[in-house]
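**Student:** Sequence:
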Amino acid sequence: MSTVRTATQIKAVDPVWDAVVAGGRQIVEDEPSLAALVMASVLNHESFEAALAHRIAERLDHPDVSADLIRQAFLQAIALRPEIGAEARADLAATLERDPACHRAIEPFLYFKGFHAIQTHRFAHALLKGGRRDFALYLQSRSSQVFGVDINPAARFGKGIMLDHATGFVVGETAVIGDHVSIMQGVTLGGTGKSDQDRHPKIGNGVLIGAGAIVLGNIKVGDCARVAAGSVVVKEVPPRSTVAGVPAKVIGEAGCAQPASVMDHVVMVHEN
1 MSTVRTATQI KAVDPVWDAV VAGGRQIVED EPSLAALVMA SVLNHESFEA ALAHRIAERL
61 DHPDVSADLI RQAFLQAIAL RPEIGAEARA DLAATLERDP ACHRAIEPFL YFKGFHAIQT
121 HRFAHALLKG GRRDFALYLQ SRSSQVFGVD INPAARFGKG IMLDHATGFV VGETAVIGDH
181 VSIMQGVTLG GTGKSDQDRH PKIGNGVLIG AGAIVLGNIK VGDCARVAAG SVVVKEVPPR
241 STVAGVPAKV IGEAGCAQPA SVMDHVVMVH EN
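Residue numbers (UniProt numbering): 1 to 272.
Because the hints were derived from the structure by calculation, they are not lab data. Backbone N, C-alpha and C fix where the C-beta goes; we use that ideal spot for every residue, glycine too. Among the hints, erroneous ones may be present.
What the hints assert, rightly or not - Cβ pair distances, simulated, as ranges: (1) Glu-46 to Val-250: 25 to 35 Å; (2) Ala-22 to Ala-86: 12 to 22 Å; (3) Gly-168 to Leu-75: 26 to 36 Å; (4) Gly-193 to Leu-34: 47 to 57 Å; (5) Ala-40 to Asp-64: 17 to 27 Å; (6) Val-250 to Glu-31: 27 to 37 Å; (7) Gly-193 to Pro-100: 19 to 29 Å; (8) Asp-30 to Leu-75: 29 to 39 Å; (9) Gly-230 to Pro-63: 12 to 22 Å; (10) Ser-66 to Gln-26: 42 to 52 Å.
To be verified - No more than 27 Å apart at the CA atoms, straight line, and that leaves these computed lysine-lysine pairs for DSS-like: (11) Lys-235 to Lys-113; (12) Lys-194 to Lys-113; (13) Lys-235 to Lys-220; (14) Lys-202 to Lys-220; (15) Lys-202 to Lys-159; (16) Lys-113 to Lys-202; (17) Lys-159 to Lys-113; (18) Lys-129 to Lys-159; (19) Lys-235 to Lys-194; (20) Lys-129 to Lys-113; (21) Lys-235 to Lys-129.
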């Protein structure tokens, strides 16, 4: 006789969360001294979203605003913008796929400040849109102190973003970053002048931005382009091209269909 299973009996398919939980259990077994951290950050939670809100809030804890208050604000942000969970999963999967130093889903979730900074921004952006401007600005300030990353909460981010190493990443108010973008440390997406109009870069999908690159003004970096390390970009970058230099110039094609996934910095530097 067949059995009909109700929706509550069917476990939701969530491979990213399952991988984080599996990694947490392995850490508890292999490194018992971290058991309390893993239990509090992962294993005591029923969902990826709840665990994410807890972990990032704990990283941002401060006597001025406690982790508990921050966690409550993050849960409100998720309620205001439920897609935060899917975007964070995509960011984590992107980090696991593109960073050769990352071997398990649990690693960026627990330890990587680039992942933590991006998620802090996602929460801050949702809260800003929900009318909590001052709390969003507090999160920007606290993220800068803790992670060395300064992202205006009004900036708009896509999904599947990897921020590697993270230190010194600066993003202005009207900047936009597309989907599946990889960004190295020390990158600035800055404005020009002091106009309060649209004044920051628009980064397309699949873009790779090398360490220390500076992109200035309301200019477009086309889909699947590469910006070489240390470049200063002040003009539009065509799709599927590589730019390098100060000021940056087109030095060739992107070299592959998905530079953000391939992460080939050597070709970026040496193409003519």
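**Student:** Are the hints correct? Go through all of them and say.
**Tutor:** We went through each hint and held it up to the structure:
1. Glu-46 to Val-250: 25 to 35 Å: violated, 50 Å
2. Ala-22 to Ala-86: 12 to 22 Å: holds, 20 Å
3. Gly-168 to Leu-75: 26 to 36 Å: holds, 30 Å
4. Gly-193 to Leu-34: 47 to 57 Å: holds, 48 Å
5. Ala-40 to Asp-64: 17 to 27 Å: Once the Cβ atoms are compared, 22 Å apart, the range 17 to 27 Å for Asp-64 and Ala-40 holds.
6. Val-250 to Glu-31: 27 to 37 Å: violated, 48 Å
7. Gly-193 to Pro-100: 19 to 29 Å: violated, 40 Å
8. Asp-30 to Leu-75: 29 to 39 Å: Cβ of Asp-30 to Cβ of Leu-75: about 31 Å, so the range 29 to 39 Å holds.
9. Gly-230 to Pro-63: 12 to 22 Å: violated, 39 Å
10. Ser-66 to Gln-26: 42 to 52 Å: Between Ser-66 and Gln-26, where Cβ atoms are some 31 Å apart, the hint is violated.
11. Lys-235 to Lys-113: This hinted pair is violated, its Cα atoms lying about 31 Å apart.
12. Lys-194 to Lys-113: Status violated; Cα separation ~30 Å.
13. Lys-235 to Lys-220: Holds, at about 8 Å.
14. Lys-202 to Lys-220: The given pair, whose Cα atoms are some 5 Å apart, holds under the 27 Å limit.
15. Lys-202 to Lys-159: Status holds; Cα separation ~15 Å.
16. Lys-113 to Lys-202: holds, 24 Å
17. Lys-159 to Lys-113: Between Lys-159 and Lys-113 the Cα gap is close to 17 Å, so the pair holds against 27 Å.
18. Lys-129 to Lys-159: holds, 18 Å
19. Lys-235 to Lys-194: holds, 19 Å
20. Lys-129 to Lys-113: The given pair, whose Cα atoms are some 24 Å apart, holds under the 27 Å limit.
21. Lys-235 to Lys-129: violated, 30 Å
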